[in-house]
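A.B. asks: One-letter residues, chain by chain:
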Amino acid sequence: MYETIKIKLINSGHPAAWIVMLLSVGLMLIVSVYGCRDDCAVEDTRCVGDRVFVCNSETDWEIEANCADIEDFGLGYEWTCCVDPEDGIHSCLPKNECDGGV
Amino acid sequence: MRVTSKNVKDFWAYMAKKYDFSVVDKGSSTEMALAGWWLEQMEIQSKEDFLEKYSTTLCLGEFRRVYIPFEIGKGTQAQLIQQVITCTHESQHVVQSDRDVLHSVRYATSDAYRTQAEVDAYRVNMELYWHFYGKLIKPTTLANMLKGYGVGKADIRVAAKHLTIAAKVVERGGVITGASKVAIRWLEKHLDNPRVRKLDFVGLKV
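Keeping their order, the protein sequence lines are chains A and B.
When we follow our numbering, the leftmost residue of the first sequence carries the number 1, and every step to the right adds one.
When we follow our numbering, the leftmost residue of the second sequence carries the number 1001, and every step to the right adds one.
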């Protein structure tokens, strides 16, 4: 609908067509710059698959650990990323401690 | 777990070969004297502290050196263990430089990068301290050591968070860091006494 109106306006040579064009470009720029930003509060934690991330600055998630790479030298835990029920911080924990909170 | 002078010398030789670095006496190094002077001018730390209390890794291309202010294999039992931990810590810095050719430059110029690099290497200290003593170094204690590295309060808070997360793994007997894994494998093979692990402590508590 919006595209149809825009095309009709451009074809008509109406000055409003240029305003619509500029608004479209502006909107696209805003979406492309901010739409993909993954803002966070510093010190936030989260899991992405088996990896733990910490928010280092407003847009920078830094990986802390890949749980799949942890070695426990024979303890035999299955390490996975989840919320520690004791303090709400995401971390690599043995699966049986995760209590379903990812 | 008892560590002998020979263990420590062998360990340093093994890690130096594994990570391809040479060991240099920090006090007799011109480049370290220059770096110490610069740090003092920037009011980050005194030249004396830098040369006598800190080990430093410098990797630029084929130039891969670890500068140390002590004699390997000489000291009390605690000092010998600390030398093993220091070696692994510095090896992790070498790993970082292998990941990023501009590591040393970024380390010198960016507070945030320096913080991340030290967090990665302090994790080694936490992992090996647990390995030797079965005790955890407090994450805030390690994070506060960054004050000597010229980083700000926000960076120290973030560092503490990273190390808090790591501590949850370490106190359960897990090892995250690459150099620590290599070190522990070597220690398990060459030291007589088995390491302390969480399961041993469960037994002790009961």
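Take the hints with a grain of salt, since some may be wrong.
For the chain A half of the interface with chain B, some residues (derived, Cβ under 8 angstroms), not all of them [what the hints assert, rightly or not]:
| hint | residue |
| --- | --- |
| 1 | Leu23 |
| 2 | Asp39 |
| 3 | Val42 |
| 4 | Cys47 |
| 5 | Val48 |
| 6 | Val54 |
| 7 | Thr59 |
| 8 | Leu75 |
| 9 | Tyr77 |
| 10 | Val83 |
| 11 | Cys92 |
| 12 | Pro94 |
Please keep in mind that the hints were generated in silico from the structure rather than gathered at the bench.
Just so you know, even glycine gets a beta-carbon here, dropped at the ideal spot from N, CA and C.
A.B. asks: Confirm or reject each hint.
C.D. replies: Against the structure, the hints:
Because the closest C-beta pair between Leu23(A) and chain B is about 37 angstroms apart, greater than 8 angstroms, the hint is violated. A least Cβ separation of about 16 angstroms between Asp39(A) and chain B goes past the 8 angstroms threshold, and the interface hint is therefore violated. Annotation: interface hint on Val42(A) holds; nearest CB of chain B at approximately 6 angstroms, less than 8 angstroms. At a threshold of 8 angstroms, the smallest CB-CB gap from Cys47(A) to chain B is about 11 angstroms, leaving the interface hint violated.
Evaluation of the Val48(A) hint against chain B yields a violated restraint, the C-beta minimum of about 14 angstroms exceeding 8 angstroms. For Val54(A), the shortest C-beta to C-beta distance to chain B is roughly 5 angstroms, which falls under 8 angstroms, so the interface hint holds. For Thr59(A), the shortest C-beta to C-beta distance to chain B is roughly 12 angstroms, which exceeds 8 angstroms, and the interface hint is violated. Taking 8 angstroms as the C-beta contact cut-off toward chain B, the hint placing Leu75(A) at the interface holds, the least distance being around 5 angstroms.
Below 8 angstroms, beta-carbon pairs count as interface contacts, and Tyr77(A) has one with chain B at about 7 angstroms; its hint therefore holds. At about 11 angstroms, the closest approach between the beta carbon of Val83(A) and any beta carbon in chain B exceeds 8 angstroms, and the interface hint on this residue is violated. The restraint placing Cys92(A) at the interface with chain B holds, with a minimum CB-CB distance near 5 angstroms, inside the 8 angstroms limit. Taking 8 angstroms as the C-beta contact cut-off toward chain B, the hint placing Pro94(A) at the interface holds, the least distance being around 6 angstroms.
When each numbered hint is compared with the structure, violations occur for hints 1, 2, 4, 5, 7 and 10.
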